[in-house]
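J.: Construct the entire structure; sequences and hints are all you get.
Those letters in the sequence shown? Residues 7 to 218, per our numbering, in order.
Hints are computed from structural coordinates only; laboratory data are not their basis. Quick caveat, the model's predicted, so the values are computed rather than measured. There could be a bad hint or two in this list.
For lysine to any residue, the following SDA-like pairs were computed, each having C-alpha atoms within a straight-line distance of at most 25 Å [said to hold, decoys possible]:
id, residue 1, residue 2
1, Lys159, Met72
2, Lys159, Leu126
3, Lys159, Thr180
Here are the in silico distance ranges between beta carbons for each label pair [stated by the list, open to error]:
id, residue 1, residue 2, range
4, Ala61, Ala161, 29 to 37 Å
5, Leu49, Leu162, 22 to 30 Å
6, Pro21, Pro153, 38 to 46 Å
7, Val134, Ser77, 20 to 28 Å
8, Leu158, Leu79, 15 to 23 Å
9, Val22, Pro153, 42 to 50 Å
10, Gln170, Ala34, 17 to 25 Å
11, Gly69, Pro153, 28 to 36 Å
12, Ala161, Ala41, 16 to 24 Å
13, Leu31, Phe147, 31 to 39 Å
14, Phe110, Arg141, 32 to 40 Å
15, Thr180, Met57, 35 to 43 Å
16, Leu31, Phe173, 17 to 25 Å
Note that the Cβ used here is the ideal one computed from N, Cα and C, for glycine as well.
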Amino acid sequence: MNITALMGSNSSSDPVAIGRTADRLILAATALGCAVAVYLGTLYGGLSLAMGGAAAILLIAGGIYMAASGSLLSSLALSTSLMLTVALQLQIGRGTLELHFGVFVSLALLLLYRDWRPILCGALVIAVHHVLVDRLQAAGFPVFCTPEADFLKVALHAGYVVVQTGFELWIALTMRSGARQGIELSAMVERMDADGRISLDMSGIEVSSQAG
7 MNITALMGSN
17 SSSDPVAIGR
27 TADRLILAAT
37 ALGCAVAVYL
47 GTLYGGLSLA
57 MGGAAAILLI
67 AGGIYMAASG
77 SLLSSLALST
87 SLMLTVALQL
97 QIGRGTLELH
107 FGVFVSLALL
117 LLYRDWRPIL
127 CGALVIAVHH
137 VLVDRLQAAG
147 FPVFCTPEAD
157 FLKVALHAGY
167 VVVQTGFELW
177 IALTMRSGAR
187 QGIELSAMVE
197 RMDADGRISL
207 DMSGIEVSSQ
217 AG
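T.: Okay, here's the thing in structure tokens:
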């Protein structure tokens, strides 16, 4: 009896496989966000900025994806790229408040990594963007986070981001723990099914979760 075959593949619990799948989806979301930015450029003006910014984001994100898909570097770079896409939309749309929903959608998508680090990275990137751009806007620079510089409004948005990020960090840690248990359980099953015979010798298998 082949127990491993009955259990199925453990690719859904493999952190590298999870990372590569998430990278593909986040890159696709980034491309979609860039397309939205270009469309906004046709509505609000600034099409050249939209196209230039979108091209730069996609070139950098695509290059890192090709070179390091499935790595921590790739997840952090792509989470940053996704948030920069939202920042580009806000700039093109002159801070239109409805475009801020993109921040929360993007944060939710970063749960695909089942890792707290890309989520925290994305949250920090957009938080720094909001504060920096708001202050530059208040100083008279032609940049936009909201229609008019308003630090209290930015702080309110930041509060919602902090709450969502906090919940997502906990969810990501829980999901990563579940994935780790899946890997350890799979290793135990493979050991039990060694050479086509059932073996209860678990020596040499390192476990750190409740699965062990």
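J.: Determine for every hint whether it applies to the structure shown.
T.: Each hint, compared with the structure:
no., hint, in the structure
1, Lys159 to Met72, "violated (39 Å)"
2, Lys159 to Leu126, "holds (22 Å)"
3, Lys159 to Thr180, "violated (32 Å)"
4, Ala61 to Ala161: 29 to 37 Å, "holds (33 Å)"
5, Leu49 to Leu162: 22 to 30 Å, "holds (26 Å)"
6, Pro21 to Pro153: 38 to 46 Å, "holds (42 Å)"
7, Val134 to Ser77: 20 to 28 Å, "holds (23 Å)"
8, Leu158 to Leu79: 15 to 23 Å, "violated (36 Å)"
9, Val22 to Pro153: 42 to 50 Å, "holds (43 Å)"
10, Gln170 to Ala34: 17 to 25 Å, "holds (22 Å)"
11, Gly69 to Pro153: 28 to 36 Å, "holds (34 Å)"
12, Ala161 to Ala41: 16 to 24 Å, "violated (31 Å)"
13, Leu31 to Phe147: 31 to 39 Å, "holds (34 Å)"
14, Phe110 to Arg141: 32 to 40 Å, "violated (23 Å)"
15, Thr180 to Met57: 35 to 43 Å, "holds (41 Å)"
16, Leu31 to Phe173: 17 to 25 Å, "holds (20 Å)"
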